[in-house]
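> In the order they appear, the protein sequences are chains A and B. So for the first sequence, the numbering used here puts the first residue at 395; every next one is plus one. So for the second sequence, the numbering used here puts the first residue at 24; every next one is plus one.
It should be emphasised that the hints constitute simulated quantities derived from the structure, not laboratory data. Since we're looking at a predicted model, the values are computed, not measured. Some hints could be false.
With a Cα cut of at most 30 Å, we get these calculated DSBU-like pairs of lysine-lysine [as the list claims (entries may be wrong)]:
1. B/Lys57 - A/Lys478
2. B/Lys34 - A/Lys494
3. A/Lys478 - B/Lys38
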Amino acid sequence: MTNPLSPHLQVYRWQVTSVLSILHRITGVVTSLGSLLLVFYMISFAFSSELFDFINFVFNNLFGRTILIGLTFSVLFYFSACLKHLFWDSGYGLDLITAKLTGWITVVVSGLLTILIWFIIYGVI
Amino acid sequence: MVSFSMFNSAKNTWKFHRYSTIALIPMIAYLFFKIIQFSHMTYDQILLDLNSTWSILFILIFTVLGLFHMYTGVHEIMEDYIHDETTKRVSEILVLIFLGGIFSMTCLSLGLIILS
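In isolation and in its complexed conformation, chain A is listed as follows (with noise of 0.2 Å):
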């Protein structure tokens, strides 16, 4: 017989929290794996201008852009989440109000800061 694994999630009743927590953990990973394109991308960059160049034409396109866009926001909600964690670890924000508060912040700061970046980036602002 196979015991289910904690946290149970089959029986578990979703909460901002624990999604975030979750999510904490994903976007840690993501990053993990995307710090591989940042390295192709440095690797292209010092072979030569034209293999960097082939590099921003295979990006230059939805699903490219899609994933450096997705891969911005992870990174930025991974370290928001991070700094959140370092707050609570000093044992400041703890309260389930305050943890719900700071977990929506995280979420809005890094998809705004993604949002600012991208557009300082396309030359919008």
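Chain B: place on chain A using the hints.
Relative to chain A, chain B alone:
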């Protein structure tokens, strides 16, 4: 068990994960600042910028800290979700190969940038 000796205790792993977070947050902000700057520069201008002692030092420190942070983070996830010891060992070896690959490729690209 395949692991760095300094991460053998859960307390050390936790402490290093938090210290690396404190160091990485400003570095990530700087990295995004540079990415935005590079997006408006030519290839030669970026090359000149990257070929400075400061840039090379930043990339090296960022890579080493980032890799240790990734290792401690993934190690924690594996401790929580992988219960079979053999699977855990194999996963740890694969993670180390992945991180070693990133470090090698970063060093290779830095070497090529310095030589260019």
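> Determine for every hint whether it applies to the structure shown.
Taking the hints in turn, this is what the structure says about them:
no.: 1; hint: B/Lys57 - A/Lys478; result: 25 Å, holds
no.: 2; hint: B/Lys34 - A/Lys494; result: 27 Å, holds
no.: 3; hint: A/Lys478 - B/Lys38; result: 16 Å, holds
When each numbered hint is compared with the structure, no violation occurs for any of them.
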